[in-house]
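J.: Going down the list, the protein sequences come from chains V and H. For what it's worth, my numbering labels the leading residue of the first sequence as 1, then goes sequentially. For what it's worth, my numbering labels the leading residue of the second sequence as 1001, then goes sequentially.
The set of hints was computed from the structure by calculation and includes no laboratory data. Among the clues, some could well be false.
What the hints assert, rightly or not - Chain V is faced by these chain H residues, among others (derived, beta-carbon under 7 Å):
{"#": "1", "residue": "Tyr-1028"}
{"#": "2", "residue": "Glu-1105"}
{"#": "3", "residue": "Glu-1106"}
{"#": "4", "residue": "Glu-1154"}
Note that the structure is predicted; figures quoted are calculated from it, not measured. A virtual CB, placed ideally from N, CA and C, is assigned to each residue, including glycine.
Listed below, chain by chain, are the residues.
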Amino acid sequence: MAKKPTPEELSKINYSLPYTGWMYNPVEFKDGMFCNASKPESLNTVDFPNARKWSVKDEDWNLPENWKEIVLEGMKERLEKYRSFRLFMDICVRCGACADKCHFFLGTGDPKNMPVLRAELIRSVYRRYFTTSGKMMGKHAGGRELTLDVLKEWWYYFYQCSECRRCSVFCPYGIDQAEITMIGREILNLLGLNIEWIAGPVANCFMKGNHLGLEPHTIKSNFDFMVDDIEEITGIKVEPSFNRKGAEVLFVAPSGDMFGDPGTYTCMGYMMLFHEIGLDYTWSTYASEGGNFGFFTSNDMAKRLNSKIYAEAQRLGVKWIIGGECGHMWRVMHQYMDTWNGPADFLEVPVSPITGTRFENAGSTKMIHIAEFTADLIKHGKLNLDPSRNDHLKVTFHDSCNTSRGMGILDEPRYVIKNTCNNFYEMPEDTIREKTFCCGSGSGLNASENMELRLRGGFPRATAVKHVQQHHGVNMLANICAIDRAALPPLMNYWVPGVDVAGMHELVANALVMKGEKERTQDMRLEDLPEKEGAEDV
Amino acid sequence: MATKLNDILRKKKPAILKRWLDVISATYSGEAAAFIKGQKNQFTGPMGYTIQEGLEGLFDGLIDEAPFEEIAPFLESIIKIRAVQDFSPSQAVAFIFHLKKIISEESQNTSDTRGVVDTAALTAFELKIDTLALISFDLYMEARDKVYQLKTNESNDMVFRLLQKERRSCEMQEQGLEQGPNIETPILK
């Protein structure tokens, strides 16, 4: 990061020091850069502490008198509990490799959005209170007092990190800023310092099983709409079942797919695929959320929300689970669910009833990603696909942070897309796969009030999309994440007009030639297919 | 003569662009300014790259006397970035005006002119910069309008569902039905 000054710059050096260093500049809350404060009713629903009305720009955040003690005690507890946290606090050498890897820094230019400095916000307090040198020498050992200004700074910047982990890919020590942010947020939650965009969905999910607060009858009625659309497009009536005991597979998707466009087109794709292969599966209106906003508040809350997945699988007596296209859901399922709520001994190792493939990689969790499932079907020639039905699309693929860096799902979606679309173009190497740029709205930051933050954070991703738009005429940004499907449309609208957003299974649904279907004249969006001859049987 | 001035400016292009980039970089904080100047890769340093590419495109367009429609996209790429950053409208577009000062100084500071510059040509050039400034106001407002539109769209999505629910419930009441299964709740995408 540090740049050697040129001789000219050296000769012009200004010896006067700034009034204050980074440690002592109080945070300035800028409109468009933060989300609204959590509401008391949301926190009360899940028994989170210090539920009260407060506003971010208020001087007084209505904190308990002993807030400082709570924070330091919370830090101490987590330093003892999580070795990774203590390690990350100790080992950073400030090499700066991470500094320009954060999409928020790249889009804002705010130095406190450099991962190294974001971590330093909490690391400085760690040094002051938990290291001998810091206790003795204070700021001379990089320590600083925990003050209200520091706390507010934490809140502002830990809710400007989308926990995407791109910086950790470049850190020679493997310091995971996402975990530092998670713990930072967890500590803030001890004081009731959350954002409503997270707290509301957490409360909904706790009470009703999904972030949107959809009740069983609402879910069912939404599916009825989708089933009607599928029939209009294909002439085939699919018959999804709900809460059906004895089904072989439980399917869990992010609830955004059940309700908001373009997620609904992906949801229709799931149903069409399962219908076509005759999978014995059921949806659940209770385990009706694959996502887990609890993951953005605390480890315990995430565990509580996650527990419904196995509980419902057990109640329904299914053999194994498939999960839909979601981002952070998969970090949770892949890396946490087994230790939180497993072992799921009552389930079986997933075996595709169509291909016989045994998914040993899910031998413990008993849950596989639909991209793996569909890629396996295609690999074994079990799907009749007509990719020309997607010829009106020039597609690129955005790797979601959590599925790519969190669990290594890199090739399956590409394999599926290349088999369902004739026009596929990769974005530049530094912006895809493990090095993918975040949508700028992950980890519960996809509210509307922080639109400027989202647009800045999404700028690096948009730049790469613009490149393939200019060079290849790309007009569709495919992805396998529900937050992407909600966050990327406005991002594209601002930076790269003319590029639309689709889930992978929407593309599958367009290309899938179903047994007994009528000649297709429309795509999943009920828009006319430009070349009708592409709709004929293959 | 205009061509002569343009020739001088063409020769002075690296110095002028460097100073112009310095001006725009100085509107960011210290470390970030250094980053912006150092960012040469379109994808790993998109802000610095876009700004540098934009400034060069603008400058080339001006000295090549390209039509404004051809120059505007370069301006747009910079304005769009600054429209969502921490700048007031005047701060966001101020860098355009700085080009006048830089060009005036650089064109005098050359052996070609021996300190004498064709005032008419310079004035004509400055008028073009003024036109760019006017275009930048439009672009800035367009970008801000878009941001508000995006916020409104997201809010509308939520209200739409509420209205849909209300409408359905009214229709049901009119038909003497209880609230049935077709009730929807607001969306939290």
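J.: In ascending order, which of the hints set out earlier in this document are inconsistent with the structure?
T.: 2 and 3
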